[in-house]
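*Asks:* Single-letter residue listing:
2 protein chains.
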Amino acid sequence: MSPDRELRVSKIRNGTVIDHITGGQSLNVLAILGIDGSEEFSVSIGMNVPSDRLGHKDILKVEGRELSQSEVDVLSLIAPEATINIVRDYEVVEKNRVEPPAEVVGVLSCPNRNCISNDDEPVETRFTVMADGVRCDYCSEILRDRLAEHIDV
Amino acid sequence: MSPDRELRVSKIRNGTVIDHITGGQSLNVLAILGIDGSEEFSVSIGMNVPSDRLGHKDILKVEGRELSQSEVDVLSLIAPEATINIVRDYEVVEKNRVEPPAEVVGVLSCPNRNCISNDDEPVETRFTVMADGVRCDYCSEILRDRLAEHIDV
Numbered sequence: 001m002s003p004d005r006e007l008r009v010s011k012i013r014n015g016t017v018i019d020h021i022t023g024g025q026s027l028n029v030l031a032i033l034g035i036d037g038s039e040e041f042s043v044s045i046g047m048n049v050p051s052d053r054l055g056h057k058d059i060l061k062v063e064g065r066e067l068s069q070s071e072v073d074v075l076s077l078i079a080p081e082a083t084i085n086i087v088r089d090y091e092v093v094e095k096n097r098v099e100p101p102a103e104v105v106g107v108l109s110c111p112n113r114n115c116i117s118n119d120d121e122p123v124e125t126r127f128t129v130m131a132d133g134v135r136c137d138y139c140s141e142i143l144r145d146r147l148a149e150h151i152d153v
Numbered sequence: 001m002s003p004d005r006e007l008r009v010s011k012i013r014n015g016t017v018i019d020h021i022t023g024g025q026s027l028n029v030l031a032i033l034g035i036d037g038s039e040e041f042s043v044s045i046g047m048n049v050p051s052d053r054l055g056h057k058d059i060l061k062v063e064g065r066e067l068s069q070s071e072v073d074v075l076s077l078i079a080p081e082a083t084i085n086i087v088r089d090y091e092v093v094e095k096n097r098v099e100p101p102a103e104v105v106g107v108l109s110c111p112n113r114n115c116i117s118n119d120d121e122p123v124e125t126r127f128t129v130m131a132d133g134v135r136c137d138y139c140s141e142i143l144r145d146r147l148a149e150h151i152d153v
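Same order as they appear, the protein sequences are chains A and B.
Following full-length UniProt numbering, the numbering of the first sequence begins with 1 at its first residue and continues without gaps.
Following full-length UniProt numbering, the numbering of the second sequence begins with 1 at its first residue and continues without gaps.
Since the hints were derived computationally from the structure, they do not count as laboratory data.
Hints are supplied without guarantee of correctness; some may be wrong.
Beta-carbon label-pair distances, calculated as ranges [as the list claims (entries may be wrong)]:
#, chain 1, residue 1, chain 2, residue 2, range
1, A, Asn112, B, Leu54, 43 to 51 Å
2, B, Arg53, A, Val123, 27 to 35 Å
3, A, Thr128, B, Arg53, 30 to 38 Å
4, B, Leu54, A, Arg88, 25 to 33 Å
5, B, Phe41, A, Glu141, 29 to 37 Å
6, B, Glu39, A, Glu149, 17 to 25 Å
All figures in this text were calculated on a predicted structure; none of them were measured in a lab.
All residues carry an ideal CB built from backbone N, CA and C; glycine is no exception.
Chain A on its own, in the form it takes in the complex (with noise of 0.2 Å):
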């Protein structure tokens, strides 16, 4: 089999197809699920393929893994208009858009090393999520790129 043909075979049978992702972000999308190659199982992914919505996009597949809530919210922070369809046995079984939540609880570290969420104290971090980035509750560091770096899931 040619080259090409091989990565056509790419549909899944279980699992996440995650469309729409800002044209460039599909390796930040990976660090936020925590994949790097070494789990195993197949993933597929498309970068900065031409889009009618979008002009470019990133697409990203992968098989038998399904997206946790607090990983889906860090994602429609670098990828706001990226669509979750769920596979199962080789069908979309649910298709989301996500959704930026107001704030993000316990999942992004504050990149500000004075901050008391660093301290050793009891406390969850807590990001109030703004139209360009994140805020710190605690001390009002922003974070705004490098998002990917700074995730506790």
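Based on the hints, put chain B in the right spot on chain A.
*Replies:* Leaving out everything else, chain B in the frame of chain A:
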């Protein structure tokens, strides 16, 4: 179009198909190529797909990009079975197996901070390739995993 259909339209016009990558190593190959998505060219990745020869393998297609010899040299260290297909105008015009070089010069940085190659001296890094890693010619430090993190192309 369904998400499935869209990903299948992944034949590339001009660029490189890297096939038979060791399963789970495609993100490290992307790191070697310096690709993180922000470059805006189209990339397709199949991770942990079934392979007759390797059991599982990764496959990577990069539109509009060919590889330098030093990129191929480093790639051969983490994916010794890889084949590199150069595609022009939708046709594979060249197909090569990678071949681990005897030495890797000026590509990897030494993980040993005290190594002379990490000083400001005008010396190029130089590693001897072994069966299961590379050894710095200056300080004998051995680098096995995390090769991708020490690339300095």
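*Asks:* Hint by hint, say whether it matches the structure.
*Replies:* Here's how the hints hold up against the structure:
1. Asn112/A <-> Leu54/B: 43 to 51 Å: 45 Å, holds
2. Arg53/B <-> Val123/A: 27 to 35 Å: Because 52 Å falls outside the window, the suggested range is violated.
3. Thr128/A <-> Arg53/B: 30 to 38 Å: For arginine 53/B against threonine 128/A, whose Cβ atoms are near 52 Å apart, the range 30 to 38 Å is violated.
4. Leu54/B <-> Arg88/A: 25 to 33 Å: 29 Å, holds
5. Phe41/B <-> Glu141/A: 29 to 37 Å: Between phenylalanine 41/B and glutamate 141/A, where Cβ atoms are some 34 Å apart, the hint holds.
6. Glu39/B <-> Glu149/A: 17 to 25 Å: 19 Å, holds
Of the numbered hints stated above, those contradicted by the structure are hints 2, 3, listed in ascending order.
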